[in-house]
Every structure is written in C-alpha cells, then in structure tokens.
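Novice: In case you want the letters, here they are:
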Amino acid sequence: MSAAWLAALGGGVLIGTAAVALMALEGHILGVSGILGNALRHPAQRWRWGVLAGLVATGGLARLLGAEVPPLFAQTGWGRLVASGLLIGAGTALANGCTSGHGVCGLGNRSGRSLIAVAIFMSVAVGTVLLSRLWGWGV
Amino acid sequence: MTILIAFACGLLFGGGLWLSGMADPANVLGFLDISGHWNPILAGVLGGAVAMTLPGFWLLRRRGHTVAGQVLHWPRRWPPDGRLVAGSVLFGAGWGLSGVCPGPALVLLGLDGVKAVVLITCIALGWLGGRWVSQKITRTT
Numbered sequence: 001m002s003a004a005w006l007a008a009l010g011g012g013v014l015i016g017t018a019a020v021a022l023m024a025l026e027g028h029i030l031g032v033s034g035i036l037g038n039a040l041r042h043p044a045q046r047w048r049w050g051v052l053a054g055l056v057a058t059g060g061l062a063r064l065l066g067a068e069v070p071p072l073f074a075q076t077g078w079g080r081l082v083a084s085g086l087l088i089g090a091g092t093a094l095a096n097g098c099t100s101g102h103g104v105c106g107l108g109n110r111s112g113r114s115l116i117a118v119a120i121f122m123s124v125a126v127g128t129v130l131l132s133r134l135w136g137w138g139v
Numbered sequence: 001m002t003i004l005i006a007f008a009c010g011l012l013f014g015g016g017l018w019l020s021g022m023a024d025p026a027n028v029l030g031f032l033d034i035s036g037h038w039n040p041i042l043a044g045v046l047g048g049a050v051a052m053t054l055p056g057f058w059l060l061r062r063r064g065h066t067v068a069g070q071v072l073h074w075p076r077r078w079p080p081d082g083r084l085v086a087g088s089v090l091f092g093a094g095w096g097l098s099g100v101c102p103g104p105a106l107v108l109l110g111l112d113g114v115k116a117v118v119l120i121t122c123i124a125l126g127w128l129g130g131r132w133v134s135q136k137i138t139r140t141t
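Chains as they are written, first to last, in my numbering: chain C, 1 to 139; chain V, 1 to 141.
Source of the hints: derived by calculation from the structure; they are not laboratory data.
Warning: the hint list may mix true and false statements.
Which chain C residues face chain V? A few, computed with CB under 10 Å, are given here [to be verified]:
1. 25
2. 96
3. 99
Which residues of chain C face chain V? A few of them, derived with a C-beta cut under 10 Å, are [as the list claims (entries may be wrong)]:
4. 43
5. 89
6. 118
7. 130
8. 136
DEER-style ranges, computed between Cβ atoms [as the list claims (entries may be wrong)]:
9. 34/V / 3/C: 20 to 28 Å
10. 136/C / 132/V: 34 to 42 Å
11. 41/C / 65/V: 23 to 31 Å
12. 71/V / 5/C: 37 to 45 Å
13. 121/V / 3/C: 33 to 41 Å
14. 136/C / 70/V: 33 to 41 Å
15. 65/V / 5/C: 23 to 31 Å
16. 36/V / 41/C: 22 to 30 Å
Beta carbons: idealized from backbone N, C-alpha and C, even for Gly.
Build out the structure end to end from the sequences listed, making use of the hints.
Specialist: Now the structure itself:
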C-alpha cells in the first residue's frame, strides 16, 4: 500500500473518530454545513463555534508548519468560487448535509436518506467536472 | 468545557482532512474526474471514516446517551424527499466546480486569506437562503 493510500485511510480514521467523539461527548452529528449555518442562526449555542474554530485552527497550524495554499485553490477564478459557494450553501441547506453529515456520519449511521444524498451529489459532482473539462472551463 | 471538547473534535476532523489530502482541491477533483487519470485515493478517506462511524454510532445508539448521560441528537434517516434530492444536486454541482466542500473550506480559511473568506461567506449566504426556501416549503405543505 502506497504512502498516499495510508495517508488517506489514516486521515479518514481521524475524521471518523472526531465524528464519533462529538456524538459520544456532546450528542451531536459532525456535519460541517449544518454546524456552520446553525451557528449563524443560533449564535449562543457555543459548541458549534468550537467545532468551527477547531477546523480553522487546523489550517492555521498547517500554515505555521510551513504549508502553502493549494495552488489549484489559489488559481480558482472568482466567479467560479462564488458560484461554487452559493450552490454548496443552498444545496446543503436543502439536503440537510454535505460530505461530512451525509457521507462520513450518515453512512455510518445507516441512514437511507444519506445514502441517496451521497449517491446523487457524488454523481452530479463527477458530471460537473466532466462538463467543465468538455467545455474547457478549466479550473 | 463543552466548547473545548467541540474545539478538539474540530481540530481532529481538520487534521484528518489535512492528512488525507481532502483540503487540496487537486486531489478532490482528481477523484471526481473520471475522464483522465482517475485518482481513487479519496475513496480511502470515506472508507476509513465510515469504518469508525459505523461501529461507533451503532454502539452509541445502543447506549442511548452521551458519556455524561445526555441526549443524543440523531438526524432523520428516512424518508427521502424532493428537498433532499434537489439539495444534493445543487451541492454536487457546487462541489464539482471548486473541489472544495464545507469542511476543507474552513481549513483553507485558516491557511489562506481572501479567497477562502469569499468562499465561506458565499456558502453561509447560500445556506441561509436555502434554509429560508426550505422553511417556506415546510409551511406551505
């Protein structure tokens, strides 16, 4: 098994462990889109800000350790970035979850809704990348 | 205490995103791009994560409460509805455009400057808009 596979699996194990820990200790699903949106709606419920701060702190730590912004992210055009963000936000609000809530947590929770959501958003994402390539949108 | 535990969970989750390569859209788009040289490695991330949540959540459902004896908030698992389908289509399109989903976007917020701020702001605005539409639908049905 290559180093990249080990890092992917190991990273996945950390992600899953964090999700189980949040449910075991706080009783909440670690779904990032819902945590972000509901933090804005109910700012007094502080646990959400804790999770969000932890995620941002990881990036800060990586920066301190000398990590650079992924070149592809730095090159992403503004229009694409804005469209992507608005679609991600609206979509996850309607579907009640993103890759973490429906993927990592929902599949582990044997949720039929999540299985359907993951199948749809994965397929549409693959289709979007394919269309981007075909129409020469680049990234 | 609550906020510290939540912070630690966020840090662990973010560390996993970083280690696995999910925070770099090049890896994510490589996984989503089946037209060229497909990069299957991100399947390992979801596999590794679900290998933890599947037994972990099963045990927690049996216990029925948190370590401190508090209630567990489980999302509805069934039935699917139009909002789930439509929302997943929109989310998939947005994810495919940039290769960044909400978790990695927050990690990039700590790493980068303006671009990540714009992305997170748009995600938050889109979410509040989607939530507003969703509540309208709930009231009229």
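Novice: If a hint holds in the structure, say so; if it doesn't, say that too.
Specialist: Hint check:
1. 25: Because about 5 Å separates residue 25/C from the closest Cβ in chain V, which is inside the 10 Å limit, the hint holds.
2. 96: holds, 7 Å
3. 99: holds, 4 Å
4. 43: violated, 12 Å
5. 89: holds, 2 Å
6. 118: This hint holds: residue 118/C lies near chain V, its Cβ roughly 8 Å from the closest one there, short of 10 Å.
7. 130: holds, 6 Å
8. 136: violated, 12 Å
9. 34/V / 3/C: 20 to 28 Å: Holds, at about 24 Å.
10. 136/C / 132/V: 34 to 42 Å: holds, 35 Å
11. 41/C / 65/V: 23 to 31 Å: holds, 26 Å
12. 71/V / 5/C: 37 to 45 Å: holds, 38 Å
13. 121/V / 3/C: 33 to 41 Å: holds, 36 Å
14. 136/C / 70/V: 33 to 41 Å: violated, 53 Å
15. 65/V / 5/C: 23 to 31 Å: Violated - the Cβ-Cβ distance for residue 65/V and residue 5/C, about 37 Å, lies outside 23 to 31 Å.
16. 36/V / 41/C: 22 to 30 Å: Distance hint for residue 36/V, residue 41/C is violated at roughly 41 Å.
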